[in-house]
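Q: Throw the hints in and build the complete structure from the sequences for me.
Chain by chain, the residues run as shown.
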Amino acid sequence: MKVHKLFQKTLFGIFALFGFIGLSTSVLCIYTVDTHLSEEYVSNSRDIAKTIADASVDILLNRDLAVLQSLIDQFVEIQGIKYVYITDETGEFLAHTFVPGIPEEILSGDPRGTATVERSLPGMGDFVEVGSPILAGVAGAVHVGMDTSLIALKIQRAIGQQVYLICIVFVAGVFAALWLVNLAAKPLGELLGFAAALARSREREGGGEGKAEDGAAGERLLARDDELGQLARLFLYFSEAARPAGRGGGAVPARSSDQAESSEGTGFAGGAGAADVPAGSGS
Amino acid sequence: MLTRRSLIGYGMAGGLAALRPWRKAEAASPDGSGVTDTEIVLGMSAAFSGPSRGLGIELYRGAAAYFEHVNRQGGVHGRRIVLKTYDDGYQPDPSVRNTMTLMLQDQVFLLFGYVGTPTVTRVLPMLKKFQDRGMYLFFPFTGAQPQREPPYGEFAFNLRASYLQETAGLVDNFVGVGRRRIAVFYQADAYGRSGWAGVRAALRGHGERMAGEATYRRGSKFTGTMRRQVEILKASRPDAVICIGAYAACAAFARDAVDLGLRVPLANLSFVGSENLLKLLTDGRRDAAAARPYTDLLVNSQVVPSYEDTFIPAVREYRELMARYDPRPPADLVKEPYTPFAHSFVSLEGFLDAKLMVEVLRRLGGEPARSDLERAVFTVRDFDLGVIERVSFTPGRRQGLDRVYYTVVDHGRFVTLIDWKARFS
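Going line by line, the protein sequences match chains X and V. At position 220 of the first sequence (counting the first as 1) the number is 221 in my numbering, and the numbers step up by one without a gap. At position 287 of the second sequence (counting the first as 1) the number is 268 in my numbering, and the numbers step up by one without a gap.
Everything labelled a hint here was simulated from the structure, so no lab data went into it. Every clue listed holds true.
With a straight-line Cα cutoff of 25 Å, these simulated SDA-like cross-link-like pairs (lysine to any residue) come out:
1. V:Lys109 to X:Phe76
2. V:Lys402 to V:Asp277
3. V:Lys215 to X:Val100
One-sided and incomplete, this derived list gives chain V residues near chain X with beta-carbon spacing under 8 Å:
4. Thr98
5. Thr102
6. Ala125
7. Glu130
8. Ala169
9. Asp170
10. Arg174
11. Ser175
12. Ala178
13. Glu194
14. Thr196
15. Arg209
16. Gln210
17. Ile213
A virtual CB, placed ideally from N, CA and C, is assigned to each residue, including glycine.
A: This is the structure:
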């Protein structure tokens, strides 16, 4: 599909606009999804940590650690929770889900702290870790590690879906733009041909050649009631005006009487063999 | 690998399955009591598949030998004992589902011979939930505390010593021979934590702390690597390592420990399945000398006496009945190759479980009812099961045996350890 020079910038503008919309929407989407999911994850993790902490009190005080382990093992089955560990009030690890062992980064941290921290554990990934005190901290603390790669995956999915939609809209938009551009470009081409025919007829100073070469297209053009039709009639007017006196009749492409009437809308008075100077044209 | 022996075994199992008098898949008893005029149905969920299937299979075989013997003698008050079995693969969720089926659909009389801590720990709340049915779990193959303590202890009866007793014995003996830096290799679940807690408590009694710890995932296979775990424990410079796991993972750990130069005693609890452990460590070795480095530092605690000790009456009976009936694993549950052992600690435990179970059923009388079970169990006082110690149950004591035995590998088999100092100091 040929793109006329006149519309290349327009098409480029459309592409640029689409790109900007796509990029800005994606950035906004990333930010929104990331923020909301992160907040939701941290919130959920806190709830889970609190649930374990509440359930742990009785177990820690009255029962075997195997029960505690069984409890946290069930929570690790929840999607997104990658590890859970429970420490006593002295910081000793009482139960955890790490394999093959407790990572050095966690061992060297403050196991009694319950602040939310971001951790990067070698071989395991990146995590948001939240804590919850057991019995106001006097019986220890529960720590839950949520896998941030799951958040990243959800962001990727959200963006992927958005990009997919934008791509479809973009391709449809490109085809629509090309079609519309060509819709506008076709009469322009005809106008150009009409003008060229007029020029050639002036060169030969013969009447009717222009009509002969471009008769049908010229007729269509002059019959249009839009700007292109007006331009065609203007070209015709100037062509007739520039014709030496006494050679006016018959050299102009044929126009019907109603075409002549319709050209009044341009502000010009024109008719077969007559090319009046438009009022106020100043020429 | 599918050996000729195992293939023959499967063929025989298929043929015998239809004839097995101790296992029938009839519908539930009409009144839901698990008892008919001719049968008493017991329900069992255990590992018959996966890397720990040897435990369920051997426990079943030992129990089946005794039940078969009793059934051929006319059963208990004229009723045959039927053991309805399901496979849980040593996983908690299938175990819970199986228990639901056994209790609600099959309506068995009682639950018997469950295998594993992570499974039993999850099943116990169901017994409490359905306590109006009066269902009890008898003699699970685990030494964990949850079925020995409130709030679920009242729904279970144990025969074996606990993990606390096993780990305390191991720690005491290691410390006694000067090995005070003790590390723990354990399964990352309730079973591992139970043993870990036992070691921790025992070390505290000696004023020590755990030298190091490493974990593995339940279901790990012998073909997997435990090198990272060995490296972690090696860095802690232990004098001994206590392993709380199943045979496949513990054998893999022992293999990698030797290969990486961690030459310290490796202790295993009774749950490990000693014969399967030894088989994995020695199979494929050139000769006994090539296998020795992998086995000479093993020390396994047991909750039943050695099946080699024929001075013990129950051991003699066990060997005789195992030889006479040679029970095969349930053919419909065991899909993977497995070659049963002629004798094993696990099957001996299953045998003793069944023997005591039959005694309890006898004490229930001619009209057995679940509501009378607890009372019947508490009548067991100073009962001679045929092992070294006598069995007693009271409302405050729901565990029959307390003794822990220690075994080491000698000439390719586990034998009772007499002198810790000579072996490990």
